[in-house]
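Those protein sequences? They're chains V and P, same order as listed.
Under our numbering, the very last position in the first sequence is 292; numbers go up by exactly one each time.
Under our numbering, the very last position in the second sequence is 1353; numbers go up by exactly one each time.
Keep in mind that the hints are not guaranteed to be accurate.
Straight-line distance between alpha carbons at most 25 Å, and here's what the computed SDA-like set of lysine to any residue pairs gives [to be verified]:
| # | chain 1 | residue 1 | chain 2 | residue 2 |
| --- | --- | --- | --- | --- |
| 1 | V | Lys283 | P | Gly1204 |
| 2 | V | Lys283 | P | Ser1194 |
| 3 | P | Lys1310 | P | Pro1267 |
Derived from the structure by calculation, the hints contain no laboratory data.
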Amino acid sequence: MKLKYIFTLLCITLFTISCSTEDVETPEEINEVEGLVNIKTIANDNHTIELYNEAGAFKTGYNNVTIRIKNNSDDSYIENANINWMPMMQMPSMQHSCPHSTISKVSNKKTLYTASVIYQMTNTDGSGWSLTFNYSIGSEEYSAKDTISVTQSEKQNVTSFMGSDETRYIVALIEPIKPSIGINDMMVGLYKMENMMSFPVVENFKIALDPRMPGMGNHSSPNNTDLSFNAIDTMYHADLSLTMTGYWVLNLKLMNAADELLKGEDITEQNEKSSLYLELEF
Amino acid sequence: MKHLIIFSFYLIGGQVLFAQQDSLFVARDTTNLERIIVVAERKLSNYRQEKTLSSIDVFLEKSNKVTMIKRGNYAWEPAMNNMTSDRLNVTIDGMQIFGACTDKMDPITSYVDVSNLEQATINSGQEGTENGHCIGGGIDLQISQSKFNGSGLKTNADLGYETNGNYRIAGLDFEYSGSKFYIATDGIFRKSDNYIAGGNEEVRYSQFQKYNISLQGGYKLSNNHTLETNIIYDKATDVGYPALPMDVSLAEAFIASASHRYKNESTFIKSLETKLYLNTITHIMDDSKRPDVPIRMDMPGWSDTYGFYTKARVKANNHNISANLNGYYNRSLAEMTMFSNNPNEPDMFMYTWPDVRTLYSGIYVKDRIAISERETVSANIRFGYHKNRIANEVGLNSLRIFYPDLQDTQTRFLKSVSADYGFKNQNIDASIGLGYGERAPSVSEGYGFFLFNSFDRYDYIGNPNLKNEKALEFNARTNHKFNTFSLGLETSFFHISDYIIGEINPSISPMTIGANGVRVYDALNYANIFNIYLNSNIALTKTIGFNSSIGYNHGSGSNKKNLPLIKPFSYLAEVNYNKPKFNAALQLEGNGNQSKYSPFYGENETPAYAILNVNFGNIVYFKTTNVIFKYGIENILDTNYSTFADWNNIPRQGRNFYINTSIKFL
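From just these sequences and the hints, can you work out the full model?
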């Protein structure tokens, strides 16, 4: 109880102080990337493209990225760019892309753009991936390209597989980012590999969910729901119950719109893990 | 209350009640408690109390109404009328105190020792609601009364040894008593290795070690007003639980109280006592001494309670009214951390008790009316407000996995009412009573999260939506005296609605490796529990007596299944020999075959057994000291046996030679 009051008092004090300082100083430029860490800068003669996210690094799986374009001549930030991008993995014999969103302006921000990308794999040294940005400012067209480093995530948060319909799919865990004991909102992205360069979202499939703890005799949790498609954000959503912290295997079974099984198996005494799964640790 | 069963603990040196030399021996000689509390002897088979230094558990076990559930050689769980701790109200001198172990490895009786206490009051059924709500009954472990007797400094020392388990006991206490001021302090230390069951079978992980110290002081403000304080510190370490997969590395309690007492026989209110108290318990379960476990884990638990009570006694005409206004606030938190066998995987953590805060306040009133010289009618009521709140956000979210709409707070209103009629003349002492009572679910029953029960090997999940458990109770008792022979019959019957018990939920996957499944606490429509005891006592000669007691218990639920932990047919017979300075007794004790066992709740059939014990007592007077010896042999025939109350059928002690010595320095 007492702590609560002290905390309130502290807040009031801090708030008052920050108010008074704000009156004195007028910041020259609002730093809109506060709280984010720079991942990479990709420059051409005219501009420097800055990439940010919370971790300051790309890892395999789902990544959010915040983009800012600096005008090299006056260090100002472009507010009216129209940006397209293409991630690319260079393999010895071929190259391919990965599921990625379009780049859009962040609402309420002047200089920031946002996108997401799902790297389904990487080389052990983090090499192989490059990003190409094609953007226009007014009527002028520009381009910038550079390699990036993508490190392997410790846990399997993305998996690419061949379904029984001879189509290659990619499933990526998007949420929970910070899992907690209890019922978590789970969000998964499901993509189809149309060709090496095109990974459209798959709509209206169903993904059965069975979370397990291999370290606890494959203990499961109650009241999970299967992942179902949400047309608004084009993602798959479910309730994920986690009874304790630790290492969890999220066993999945992918069914198409006609309810035909494309990948994955039920968990039984004999079969402790589905061939389609994601991992989570907290 | 006539049903009140009182027996004396460890009355070192006679103290206040026994000033003269010869009564000292009476106090020591528990086979002859008749002279201390007339009502007590008949109620409790005191002649079975052969050891002065036995634990409280052993003392309690001597009551017909009480059985002790054993998970090892230490910290037995009292059960009364075949109901265990959730259905009982166990208090220490009126103070509420709750164990901190989710697996009931620390019944609160384990946090006090005989050196702290004077007597235990055992009230069956709704007569046990003086300090709180219960279904099965109430046990109040009472600290010794004020000692303003001006007797100066007194010192006592106690030593005990038992061959089985190499059990060592040492105790020392000092008391200074003035007319306005007293202070008393005592300490006791107990240590035992693994005990040996019959047939030379070592029961591994049955060792324990504990010490207990206490300090009590009082100051007389005036003739009517006194102030008193009492502090108990109890610490057990290295306690093994052979029946369980885990042991206890620490069980620690700090129990403190301060009270004010007003006493005046000439005013309307004869006495008024107000006490403020607090206690804090830390209980650490671990499995570091077990070589083979599916997974290593730590399970610490904490329980803190703050409370008060005000007890008043009023005597007017033929009314004898006592009232108790009390309240407490308890915090129960327990957690579990499991260490994965795969070193790359992180530790697994959960709250098994999600920091449950319980606030209770209630009032109790009892009136005992003497309607004639022989007849009395008494009635009592208790009303209480009971509130639970889950204070831990993570714990709340854990339970919301099972109960998505769960609110963090739940309140209940609890009621209890009972009445009885008693008749007493020279040859007959009889009573008949009726009662109705309710109780709130315990923390485990309401909020437990994957609590493994090694008895039925199920994980248990609490259920916050449980209704109050309600009991309708009938009891009767009669004792006839025919010259040198007396015969007593006592019986009670409980019809319990919404009887709380775990129900299997096959859709939930167990957490514990190797568990059979998950049970969620739920309620049977009803359960019936019945018990009957026949006691007899024959004085063969002036010095030789014979006592016997046979009992039968039955319990079944509305699902037509037997309830677990119901005592089978039991018997006890004893021949005793008493002289002023020497006594001896030979006892036969046994149970019939447990035919009405409950496989549904994890029980198997426990076969019949019988054991023989013999005990002796001596008192020796020296110039400066009085020495009392109690010695004997338990389980003379070294029978290998276990009873219905032994968790997972762990065998009990085999042959045991013991000696208890108490020295009073004059």
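**Q.** Hints violated by the structure (listed by number, smallest first)
**A.** none
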